[in-house]
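Enquirer: Listed here are the chains, written in short residue letters.
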Amino acid sequence: MNPPHVNAETEALIQGYLESTLTPEESTRLLSSLKAQPELVGVLLDGLRMDALIREVVSQTGPVSDTTSTRFRPASAPLQVSPTRTISAGPLDEESPNVILFPQRVSAPRFWQTGALWKRPALLALAASVVLLLSLSVWYFGPTMGRPVFAELKGVDASIERGTEFVPAVNGMALRPNDVLRVGTNASATIAFGTEKTRLELTGGTELKLASLTRGKRFALLAGVVEASVARQRPFHPMILTTPQAEARVVGTRFTLTASPTATRLDVTEGTVRFTRISDEKFVRVGAGDYAVATMNSELAALPKTGGLLREWWSDLTGKTMFALHEDPRFPNHPDTRDTTPNFELQVAQTNRLGVRLRGYLHPPVTGDYQFWMIYSLREPNYAEVTMSRNERPADRVIITRTGIHGRGASQAPPPIPMVAGRRYYVEAQILITSESDGRLSMEWKPPGGTREPLTGKFLSPFKPK
Amino acid sequence: MPNVEPTIEGLVETHAGFVHALALRFAPAPGLAEDIAQQVFLEFLAKASQWDLTHDVRPLLAGMTRNVARRCWRDHTRALPEQTRELAEHIRALAEDQDVRWHDEEETRALRHCLDRLPDKSRQLVELHYFVDLTSVDIAARMAMKADAVRRALFRLRGQLRKCIQSVLARA
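Protein chains in written order, with the working numbering: chain U, 0 to 465; chain Y, 2 to 173.
By construction, these hints were calculated from the structure, which means they are not laboratory data.
Check each hint, because a few of them may be wrong.
Here are some of the chain U residues that sit facing chain Y, going by a computed Cβ distance under 10 Å [stated by the list, open to error]: (1) Leu12; (2) Val42; (3) Arg54; (4) Met172; (5) Asp335.
Quick list of in silico lysine-lysine cross-link-like pairs, DSSO-like style, CA-CA up to 27 Å [claimed, not checked]: (6) U:Lys208 with U:Lys34; (7) U:Lys208 with U:Lys281; (8) U:Lys457 with U:Lys304; (9) U:Lys281 with U:Lys465; (10) U:Lys281 with Y:Lys48; (11) U:Lys281 with Y:Lys164.
Bear in mind that the values here come from a model prediction, so they are computed numbers and not experimental data.
We put the CB at the ideal spot given by N, CA and C, even for glycine.
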C-alpha cells in the first residue's frame, strides 16, 4: 500500500509530535488533520519506529560527522559512563512497586542480548535479587524518571543566594532554580541528583547558578572550577553548563570546566562534550583526553591535553662531529629509548657520544608575539638546537635558536614569533654530546605582555610517534 | 527438569520485536515503546518461575504489555496540556488498529549503510537531532532557520532513510 500524501504543514506537525514539542495550538491543527485523514497515523507510527532505530544506530556508532571524518564509523570504545535510567515510576508502580534503574537503551545492549545472565540458575536468582533491591531502593528514595528531582549539596563554608536572601548551605539541602551557590575559598562542595549517577564537584571560590531543570539540567558557571561526572541524560534533555564565554552541552561524560573573567577551559576525561563559544556560536566537539579554551582572539579547537614532551635517546654514537646524530643509521626512527619529560629541559652527567631529541607541541595561551631563549651549559663541540614550525607539521620546522646564539648572557634579544591561541605548534630540540662532559639545557619564553619565565609542561604536549 | 535459562533468553530474543511493536500501538509517543518493553521483560523475568515456558508465551506477553502500556500512557498523558492530551488519545485510538512492525537486525545494518551515504547537511541534521539531542527548535535557533523548516527537513530525511533501507533490503 502506498503511503498517504502528507502536505508540508502536516510534515512539520508530525515531526513536532515526534519530538514532543507541539504547542497546544499545533496539537489542535494536527488533530484536525488526523480526523480528516486517519491514515496519517501510519506515518506517525513509522516515524516513531524509525526514530528509535536511528537513535539506536547513531548511539552505537558515535557522531555522524566530526572534524576528522565525515563518514560513519564504529565507536572506538564503548561508553565509559554507565548509563542509568529510571524506566518506571508513578502509575507504573500501582500494580508492581518496581522502579528499576536500567541501562539506557540507546547506548547499552539489551539485557537479554548479553546472554551471560542465563547461564546459571544462581546467577538468575542473584540478578533477580539485585533488580528487586534496586527497585526497592529507588522506590524508597523517590521517583526520578531520569530527571533530577532534587539536588543535594555536600560540603562546608558555602552559601546560597536565593532571591534577596542568603541561606547558609548545609548537607542535604535542596537547590532550586535560580539559586546561586557560592563555595568559600577553602571549601568544596558536591551537587548530587538523587539516585542518578551525576555529580558536580565545586572547588573553592566557585560560583554556580542553577538556571533551570525543566528541559535538562541547566547551570551557569559564573567563576571557578566544576568537575563533572555526568550519567547519560534523557533524549532532548542534555545537561548544559554555560559560562560568560562558552557553553558545554553534555549527554553523558566526565569533564572539568574552569571559568575566569576572560576565558573558559574545558578538559574532558571521558565521553564527548559539545563546547560552544558564545561570542560567535562556533563549536567544537571535545573528546576524551582533549581540551579546548574559549576566549577572545583565539582559535576554538580540541587539542590533546598538555603535559611534557616526548624524549628519545640514541647512545654510543660513532661520529665525532655535530652531524653524528643525523648520520647514525638509527636516527630518526629507532631510538634506544623513548619516554616523556614533564618540562622542556634535559640534564646529562659525565656522558659521551649521546644524542637526545625532545619533540612535541607548544600550546600558546594567548595570541601575540612570543620570544624564546635556550638556556644551556654545553662545552663545544657539544651541540644543541631548537626548531619550531608555524603549524603542527614537523616537516615545516625551522631553527629558532642553537648553541652560540641567544644563550644565557647574550645581549641580543631573540626575534618575536607570532602565535595564535587555540592552535598548537610543533617544537623540537636536539642535543648532541660528543665529548665527555656534563650538560644541561632548558627553554625560557616571554609570552605577549608577560615576563621571561621557564617554558613548563603546562604549555607542551608530547609528539606521538607512529 | 527442562533447561530453563536458555529458553528464557531465547524467548526474550524471539519476542522482543513483538513486544516493542505492541507497546508502540498501545502507547504511541516518543520513547515509550522501549521503556514499556524493558519493563515487560523485567516483570516477566521477576516471575519467571511462574510461567510454563513450554507453551506459547505471546498471549502472556501481550497481556503484560497492555497492562504496562496502560500505566505508562496514563503517566505520560497526565502532564500534557489539554489539547495535546486530546491529540495523543486520538492517535492512540487510531494506532491500536494499526499493523505495526518493529525493526530487526537487518534493518539496523541497512540503516548504517544508508547513514554512511548521506550528504553533509543531512549528516549534520542527524547528528544534531539524534546524537546531540537537539529539538528542531534548538537546531533552528543555531542554524538561523525557521523551526518548521527544520521539522520538515527531519521528516523528509527520515523518509529518505526509510526508502534507502527498503532499497538495500530489496537488493540483499
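Enquirer: Work down the list of hints and note, for each, if the structure agrees.
Expert: How the hints compare with the structure:
| no. | hint | result |
| --- | --- | --- |
| 1 | Leu12 | holds (8 Å) |
| 2 | Val42 | holds (9 Å) |
| 3 | Arg54 | holds (5 Å) |
| 4 | Met172 | violated (27 Å) |
| 5 | Asp335 | violated (44 Å) |
| 6 | U:Lys208 with U:Lys34 | violated (46 Å) |
| 7 | U:Lys208 with U:Lys281 | holds (24 Å) |
| 8 | U:Lys457 with U:Lys304 | holds (9 Å) |
| 9 | U:Lys281 with U:Lys465 | violated (32 Å) |
| 10 | U:Lys281 with Y:Lys48 | violated (53 Å) |
| 11 | U:Lys281 with Y:Lys164 | violated (34 Å) |
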